[in-house]
Amino acid sequence: MRRVFHQALAALPTLPVVALALLPMRAAHADVASSVAGAGTTSTDGQVIYAQVCQGCHQANAKGATGAATIPALAGNPKLANAGYPIYVVLNGKGGMPWLGTMLNDTQVASVVGYVRTHFGNHYTDPVTPQDVAALRGPAPTPEK
Amino acid sequence: MNRMGTREPTRRQLLMRIGAAAGSMAAYQAMTQLGHAAGTDFSGFPSLSGARKGTTVLVLGAGLAGMLAAYELRKAGYDVRVLEYQNRSGGRNFTLRGGDTLTELGGATQHVGFAPGNYLNPGPWRIPYHHQGLLHYCKLFGVQLEPFIEVNHNAYLHDSDSFGGRPQRYRDVMTDFTGYTAELLAKAINQNKLDQPISADEQHDLLAAMKGWGLLDKNYGYSGTELVALRRGYDKMPGGGPDGAPTPSQPLGRAAIMKSGLWQWLAFNMSYEMQTTMFQPVGGMDMIGKGFAKHVNDIVTHNVKVTKIGQDGGGVTITYVDDQGSGAVTEAKAEYCVCTIPLPVLAEIEVQASAPMRAAIQAVPYASSVKVGLEFKRRFWEQDDQIYGGISFTNQPISQVSYPSTRYFTDGPGVMLGGYMFGPAAYAFSGMTPAERVEEALKQGSVLHPQYREEFSNGIGVAWSRMPWTLGCCSAWSEETRRAHYKAMTTMDNRLVLAGEHASHVGCWQEGAILSSVSAVTQLHQRAVSAA
Numbered sequence: 028m029r030r031v032f033h034q035a036l037a038a039l040p041t042l043p044v045v046a047l048a049l050l051p052m053r054a055a056h057a058d059v060a061s062s063v064a065g066a067g068t069t070s071t072d073g074q075v076i077y078a079q080v081c082q083g084c085h086q087a088n089a090k091g092a093t094g095a096a097t098i099p100a101l102a103g104n105p106k107l108a109n110a111g112y113p114i115y116v117v118l119n120g121k122g123g124m125p126w127l128g129t130m131l132n133d134t135q136v137a138s139v140v141g142y143v144r145t146h147f148g149n150h151y152t153d154p155v156t157p158q159d160v161a162a163l164r165g166p167a168p169t170p171e172k
Numbered sequence: 265m266n267r268m269g270t271r272e273p274t275r276r277q278l279l280m281r282i283g284a285a286a287g288s289m290a291a292y293q294a295m296t297q298l299g300h301a302a303g304t305d306f307s308g309f310p311s312l313s314g315a316r317k318g319t320t321v322l323v324l325g326a327g328l329a330g331m332l333a334a335y336e337l338r339k340a341g342y343d344v345r346v347l348e349y350q351n352r353s354g355g356r357n358f359t360l361r362g363g364d365t366l367t368e369l370g371g372a373t374q375h376v377g378f379a380p381g382n383y384l385n386p387g388p389w390r391i392p393y394h395h396q397g398l399l400h401y402c403k404l405f406g407v408q409l410e411p412f413i414e415v416n417h418n419a420y421l422h423d424s425d426s427f428g429g430r431p432q433r434y435r436d437v438m439t440d441f442t443g444y445t446a447e448l449l450a451k452a453i454n455q456n457k458l459d460q461p462i463s464a465d466e467q468h469d470l471l472a473a474m475k476g477w478g479l480l481d482k483n484y485g486y487s488g489t490e491l492v493a494l495r496r497g498y499d500k501m502p503g504g505g506p507d508g509a510p511t512p513s514q515p516l517g518r519a520a521i522m523k524s525g526l527w528q529w530l531a532f533n534m535s536y537e538m539q540t541t542m543f544q545p546v547g548g549m550d551m552i553g554k555g556f557a558k559h560v561n562d563i564v565t566h567n568v569k570v571t572k573i574g575q576d577g578g579g580v581t582i583t584y585v586d587d588q589g590s591g592a593v594t595e596a597k598a599e600y601c602v603c604t605i606p607l608p609v610l611a612e613i614e615v616q617a618s619a620p621m622r623a624a625i626q627a628v629p630y631a632s633s634v635k636v637g638l639e640f641k642r643r644f645w646e647q648d649d650q651i652y653g654g655i656s657f658t659n660q661p662i663s664q665v666s667y668p669s670t671r672y673f674t675d676g677p678g679v680m681l682g683g684y685m686f687g688p689a690a691y692a693f694s695g696m697t698p699a700e701r702v703e704e705a706l707k708q709g710s711v712l713h714p715q716y717r718e719e720f721s722n723g724i725g726v727a728w729s730r731m732p733w734t735l736g737c738c739s740a741w742s743e744e745t746r747r748a749h750y751k752a753m754t755t756m757d758n759r760l761v762l763a764g765e766h767a768s769h770v771g772c773w774q775e776g777a778i779l780s781s782v783s784a785v786t787q788l789h790q791r792a793v794s795a796a
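Line by line, the protein sequences give chains A and B.
Heads up, the first sequence is in my numbering, so the first residue is 28 and it goes up one at a time.
Heads up, the second sequence is in my numbering, so the first residue is 265 and it goes up one at a time.
What the hints contain is simulated information worked out from the structure, not anything from laboratory work.
Small disclaimer: the values here were computed from a predicted structure and weren't measured.
Do not take every clue at face value.
[To be verified] Below 20 Å or equal to it, Euclidean Cα-Cα: the simulated SDA-like pairs (lysine to any residue) are: (1) A/K172 / B/M534; (2) B/K572 / B/E744; (3) A/K121 / B/E744.
Just chain A, same shape as in the assembly (with noise of 0.2 Å):
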């Protein structure tokens, strides 16, 4: 599985440009950026991967924020005692938050999750498996054109 996973990823720069823009999620018709959204990030390392995605709204403690409404924190966070709950926001985003699936792998995700269990005053140690995340995604879903 991790073996499969790294001959993926190593293939990844020899694609066109325009398939890696398919993989994350984009606004559709929008005033965007341009046609090369860019690829994600390519770390399977838990921390990183926080740092690259996740604390971008949930802040490098953890804690979250609140304007006009309140971004939860991870940090002391008891819905993370189940991991299935983490895995299924981080694979379908919830409310506001987008859905990640589609730019994180399993073994990316199982990282992720992972880390923000046993970190941030979280100490739920039972291992997070790319499996695990294999077993939760549903269909992706397709960005408009």
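Position chain B relative to chain A; hints supplied.
What follows is chain B alone, placed relative to chain A:
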């Protein structure tokens, strides 16, 4: 292939036949039906005649959608009040100038240090000519517009893995990509290597087109001739005097051009939304918001946070908190409500609405986006590189840099857009501190412009996911959510109707806010009139 030898009429031929047969009115109607003569779906200012005077409406949010609703409904005789979370009106229509401060979620505050006259539009920055709704309101409110330069043939296209990582002029990539494509197609035609035979007539037409379009020589080759130089320019420019003769520039290699992927940005600029003419307000995008605000600000209550949207058979009850001062909780009542609160915020508020509308509110996330504004001590892109407005694209995370489409040739500092990102790069930049965003933009942008470090003065990085009032940039519909939720999102639910770019098919554009609000006030008015 048409075996009978009769050709299908082209669309133009069809129109000419209709026009000849039935007169120009029929031709116009046919054109409209075929989608040619139309702008966006804007058919005029909403017509709200016959309102029962004094019918009360609460509008939530003082962005363009909310202010349009307030303006049009009050004009029609409604008694309107607007509640706004921020201390200013305009919403995502805003502009940052020297002296402004911007505090983001997490607490970081940026102090904008731009020189007088310089600005960054962190949100919308360009207006396609066919966004007729927005342009109509600009005209109505006297907002002065100037051209926004989208395509600049002298700007750069850059791919880190192509041409030794050196940026190429847009003009050169365009000319060479077109020329080589034409050359290959012409060769295939001449050698009868198309996989489907075409008639001798079409061969003739196609060869003529390839020659003229691709600037091919008499042997249908694309080479560095003086003909190509007419499009591509010269290594030594034409001059005067005895040594004035020019030297044509030489094309880049064919395989390298094709492999570079730089054609994608040529294609991007061909899209309907990026076609010329584009506009921007003189002095900053927020001139539009200010144009609206001039007419409605007297009925806007700022600095209040809506915490509940209730409705029953008798009307709506909006609960809000004084967010800056006392923290006092107030309940405001009205007969109807137009809610333009961005979905990431609205999804966290208790809303009394039908199950389908509540599901729609929960279903559409907002994309993340980041813009970086960099002020430089002088306009080196003009002075050194002859780039006047427009965009240079790169495959680096910053995606692009853009040069101001205004105040050309002025002395003193200028502000460039140092990066504009959606997708993964936006997530990554959002997670940085503002200073890190600026530093990263400087590092990547230096590849395009080596003058960056020496000329840099100050900069800001705006992460939309950290804007306390939207928690994101704009709506990200999928084909699935559009099918499942769009109708419920946009249809008035008892006394509540939603508006904003998220309630349109022109998502992430100001035009979407305009069109959705026109729809919202029209629905509200029809309901109010029929209830009276």
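Report the numbers of all earlier hints that the structure fails to satisfy, in ascending order. Of the numbered hints, just 2 does not hold.
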